[in-house]
Amino acid sequence: MSESTPIIEIRDVGKAYGKGSAQVVALNSVNLDITSGELNVLIGPSGCGKSTLLYLMAGFEKPTQGEILLDGTIIDRPGPDRGFVFQDYALFPWKTVLGNVMFGLINNGWSKREAREVALEYINLVNLDGFEHAYPHTLSGGMKQRVGIARALAYDPKVLLMDEPFGALDAQTRKYMQQELVRVWEKTGKTVVFVTHSVIEAVFLADRIIVMTARPGTMKGCVEVDLPRPRDYTGRSYLAIREEVLDLLEEEVARSLQR
Amino acid sequence: MGVSWRKPSVYVPSSDGSGGWARVRWLLPLLPIAVFLICWQVLSDANLISRSLFAAPTQVVDELVALHFRELPTRSLLLSHIAATLKRLLVASFIGILSGTLGGVFIGTRRGLYRFFDPLITLFMPIPGIALAPLFIIWLGFGDPTIIAVGSIAAFFPLVYNTAAGVRSIDPQLVRAAHIMGASRTAVLFDVYLPWAAGHVLMGVKLGLARCWRTIVAVEFVAAASWGLGYMIWDAAEYLRAGGVYGGIALLVVIYLVIEKGLVNTLEKYTVEKWGIVRR
Amino acid sequence: MRVGVDQERLEGMSPRKRVNRGLIRAREFLFPFLVVGLSWELLVRFQVIGLRTLPPPSAILVEFWDLVWNKGVLIHHLSRSLYRLTIGYLLAVGLGIAVGTLLAVRKTLREMFMPILSMLISVPTIAWVPVLLITIGLGDNTVVTAIFLGGFFAIAYNTMRGIEMVNKDQVNAARLMGVSGVKLFASVLLPGSLVSIITGLRLGIGYSWRALVGGEMLSALVEWGIGKMIYQARFWNSVAVMFVGLMVISVSGLLLDRVLLKWLEKETVERWGMLAER
Chain A
1 MSESTPIIEI
11 RDVGKAYGKG
21 SAQVVALNSV
31 NLDITSGELN
41 VLIGPSGCGK
51 STLLYLMAGF
61 EKPTQGEILL
71 DGTIIDRPGP
81 DRGFVFQDYA
91 LFPWKTVLGN
101 VMFGLINNGW
111 SKREAREVAL
121 EYINLVNLDG
131 FEHAYPHTLS
141 GGMKQRVGIA
151 RALAYDPKVL
161 LMDEPFGALD
171 AQTRKYMQQE
181 LVRVWEKTGK
191 TVVFVTHSVI
201 EAVFLADRII
211 VMTARPGTMK
221 GCVEVDLPRP
231 RDYTGRSYLA
241 IREEVLDLLE
251 EEVARSLQR
Chain B
1 MGVSWRKPSV
11 YVPSSDGSGG
21 WARVRWLLPL
31 LPIAVFLICW
41 QVLSDANLIS
51 RSLFAAPTQV
61 VDELVALHFR
71 ELPTRSLLLS
81 HIAATLKRLL
91 VASFIGILSG
101 TLGGVFIGTR
111 RGLYRFFDPL
121 ITLFMPIPGI
131 ALAPLFIIWL
141 GFGDPTIIAV
151 GSIAAFFPLV
161 YNTAAGVRSI
171 DPQLVRAAHI
181 MGASRTAVLF
191 DVYLPWAAGH
201 VLMGVKLGLA
211 RCWRTIVAVE
221 FVAAASWGLG
231 YMIWDAAEYL
241 RAGGVYGGIA
251 LLVVIYLVIE
261 KGLVNTLEKY
271 TVEKWGIVRR
Chain C
1 MRVGVDQERL
11 EGMSPRKRVN
21 RGLIRAREFL
31 FPFLVVGLSW
41 ELLVRFQVIG
51 LRTLPPPSAI
61 LVEFWDLVWN
71 KGVLIHHLSR
81 SLYRLTIGYL
91 LAVGLGIAVG
101 TLLAVRKTLR
111 EMFMPILSML
121 ISVPTIAWVP
131 VLLITIGLGD
141 NTVVTAIFLG
151 GFFAIAYNTM
161 RGIEMVNKDQ
171 VNAARLMGVS
181 GVKLFASVLL
191 PGSLVSIITG
201 LRLGIGYSWR
211 ALVGGEMLSA
221 LVEWGIGKMI
231 YQARFWNSVA
241 VMFVGLMVIS
251 VSGLLLDRVL
261 LKWLEKETVE
271 RWGMLAER
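Chains as they are written, first to last, in my numbering: chain A, 1 to 259; chain B, 1 to 280; chain C, 1 to 278.
Don't take each hint at face value.
Pairs of lysine to aspartate or glutamate residues, derived as EDC-like cross-links and limited to a Cα-Cα distance of at most 20 Å, are as follows [as the list claims (entries may be wrong)]:
{"id": "1", "chain 1": "A", "residue 1": "K158", "chain 2": "A", "residue 2": "D207"}
{"id": "2", "chain 1": "A", "residue 1": "K158", "chain 2": "A", "residue 2": "D33"}
{"id": "3", "chain 1": "A", "residue 1": "K112", "chain 2": "B", "residue 2": "D118"}
{"id": "4", "chain 1": "A", "residue 1": "K220", "chain 2": "A", "residue 2": "E243"}
{"id": "5", "chain 1": "A", "residue 1": "K62", "chain 2": "A", "residue 2": "D76"}
{"id": "6", "chain 1": "A", "residue 1": "K187", "chain 2": "A", "residue 2": "D81"}
{"id": "7", "chain 1": "A", "residue 1": "K95", "chain 2": "B", "residue 2": "D171"}
{"id": "8", "chain 1": "A", "residue 1": "K19", "chain 2": "A", "residue 2": "D81"}
{"id": "9", "chain 1": "A", "residue 1": "K95", "chain 2": "B", "residue 2": "D118"}
{"id": "10", "chain 1": "A", "residue 1": "K187", "chain 2": "A", "residue 2": "D156"}
{"id": "11", "chain 1": "A", "residue 1": "K95", "chain 2": "A", "residue 2": "E114"}
{"id": "12", "chain 1": "C", "residue 1": "K262", "chain 2": "B", "residue 2": "D191"}
Hints are computed from structural coordinates only; laboratory data are not their basis.
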């Protein structure tokens with residue numbers, strides 16, 4: 001269950017692009033705490049800055065205002081204490097599945113032999129046994145993303161950041177992947193921050209759903225989801241929470257469309 | 001915004017399948033060559049065309065054979081010439097390709113450096129190698145050093161240009177993925193940028209090798225001391241030995257074909273095609 | 001992050017903005033040369049590099065000025081070279097497009113001549129010069145023929161490929177409307193293959209340029225020409241003259257490619273939206 005000390009603290013974070021009259025403010029005064037071991041889902045209307053916030057957490061960009069702390073240290077660059085899963089998979093096409101998963105390990109001091117063993121474990125975890133020596137271009141979307149997840153988890157980061165990872169998949173695969181993610185999460189106990197714009201996905205996955213406002217993005221509200229897993233897409237409590245989230249979102253979606 | 005990695009297309013030989021014709025079709029391309037050679041030989045034998053200007057095929061063969069056997073058993077002149085040129089090609093292309101690739105990776109990954117060097121490359125790349133020959137003759141004299149130097153420069157430019165272009169076209173997500181997994185600067189350079197750019201680099205290698213080859217032959221016309229295919233052709237021209245001239249050209253074609261088909265294509269097969277990158 | 005519609009592109013730039021843009025681009029382009037030139041100059045002044053082996057930019061500029069005004073020879077060299085280039089290249093364009101089209105349209109011809117053509121293409125242009133020297137002679141004609149050969153193969157090959165790749169449906173549509181022969185070529189095949197043809201033209205001018213310089217150097221009876229100028233400078237040990245010649249070659253080549261052909265590209269294929277996204 002969740003611990004009381006937050007693992008990620010986002011303090012009064014703002015992010016703006018450009019200067020002067022052409023400036024775009026993506027995020028404005030975001031305050032958020034992520035508790036360790038929880039599966040958090042970040043949701044909001046298009047352009048609300050949820051991906052930007054994730055990028056800031058990853059260290060790909062720096063906030064123009066405020067700071068983000070991971071376990072007490074300020075995040076200002078990408079590093080192996082975090083794992084990232086991309087919507088476009090971002091697998092290295094010249095490396096096999098095994099090579100991809102081993103990448104983080106090798107670059108962080110594991111010996112080749114150890115890295116191989118650990119990588120194989122994670123490949124097994126995501127049910128890709130037998131595909132260790134396949135090249136990414138021969139895999140389906142769902143399989144590619146499983147490699148992505150294995151790769152991001154292999155070097156044991158403190159948090160797992162996921163940027164609409166199932167957005168490029170078809171409906172069936174998406175459903176399957178959602179279930180897989182829950183299974184893997186339960187097994188590893190990682191803190192997850194998952195960005196999506198699908199409410200259905202959010203309610204299925206999350207311990208906590210964080211809703212953001214339209215641009216410039218800030219916190220709209222949070223919805224705690226206490227339902228036991230595996231969750232029923234059609235259950236009454238599920239649907240109730242879905243309604244709750246939709247209510248919060250509707251206002252923001254309408255606002256974002258007015259621009 | 002990602003790059004689509006498609007499976008390499010299978011080459012289907014085009015054929016209209018006109019039944020009976022199809023079987024003899026492969027003879028067709030050989031026809032004009034055979035006709036051409038026969039006509040040439042006949043005209044030459046009948047003294048309708050000057051022997052000193054247009055060497056008959058038999059003449060060419062005679063000349064080449066003579067070059068080979070004349071100074072045996074000490075050495076074959078023909079093979080010595082070929083060896084000299086190939087040696088220069090090997091060294092020059094190695095230097096040019098290596099420096100070009102490293103240079104290209106280096107400036108391709110840093111925007112500032114790229115913007116600085118791009119105009120310089122733009123200005124110096126189109127200079128033909130042979131134009132540099134007199135300059136290098138003053139600096140390095142005749143023979144190997146000049147030829148190799150100019151050849152290296154010829155190979156360098158296509159490589160630095162294509163490698164830089166390849167590196168700059170990288171999917172930024174791949175770089176981000178590498179960064180967050182803790183890869184160091186050098187690791188990102190060699191383990192991410194370079195393999196990605198491999199397709200472009202290979203195209204650069206093709207161009208660089210071709211350019212190096214052409215340049216070396218050209219520079220050998222002016223700067224070779226006494227060995228090399230270019231020298232051999234030039235020498236033959238000076239003494240109006242037409243057979244040697246045409247023979248030399250034929251050799252140039254054959255050797256280059258072997259190099260291109262043999263080396264470059266196998267290289268492609270084992271890297272870029274394996275990774276599923278479509279050929280540009 | 002959503003980007004708004006590029007207003008400038010839509011409305012077109014005002015002339016003043018265009019000039020400003022051009023100036024900024026020019027300044028960016030020239031900056032590295034200034035840096036290199038200055039460091040070079042300083043290195044020679046402080047005797048890090050020997051004066052004889054590598055003259056400083058100042059000396060080169062002086063030589064350039066000299067060649068242009070006092071001795072007046074540079075213009076003469078350049079004009080002779082350009083004259084040869086024009087003749088040879090235009091011949092190459094005409095014959096190249098013609099032959100390329102012919103090979104594209106008549107399958108049997110293509111199958112017969114492709115192997116020979118590809119073999120001939122792989123011969124370095126410069127290697128033809130000795131052949132030309134013994135057959136045609138040591139003067140102007142050799143150089144022009146070399147220029148022609150350099151451009152011809154590239155243009156013919158690219159034209160052939162370009163026409164082969166023209167959308168068959170477009171050809172059929174025209175045929176249905178009763179268009180055939182030369183008219184078909186001019187109105188459908190040519191515009192449709194223009195992208196490839198222009199590629200061929202650009203490659204061709206590069207090869208022709210090389211053939212020009214090389215041909216001039218190797219032809220003993222040729223006295224005037226940029227290539228000859230560089231070659232002769234060796235006998236006076238004048239590195240500065242060589243550098244002037246090299247710069248002239250490079251700048252002319254660039255101008256020909258960027259200005260002339262780029263303009264052609266812009267007015268045709270770019271306007272018609274046929275250029276694939278780079």
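Each hint tested on the structure:
no.	hint	verdict
1	K158(A) / D207(A)	18 Å, holds
2	K158(A) / D33(A)	15 Å, holds
3	K112(A) / D118(B)	40 Å, violated
4	K220(A) / E243(A)	16 Å, holds
5	K62(A) / D76(A)	6 Å, holds
6	K187(A) / D81(A)	19 Å, holds
7	K95(A) / D171(B)	15 Å, holds
8	K19(A) / D81(A)	32 Å, violated
9	K95(A) / D118(B)	31 Å, violated
10	K187(A) / D156(A)	13 Å, holds
11	K95(A) / E114(A)	18 Å, holds
12	K262(C) / D191(B)	37 Å, violated
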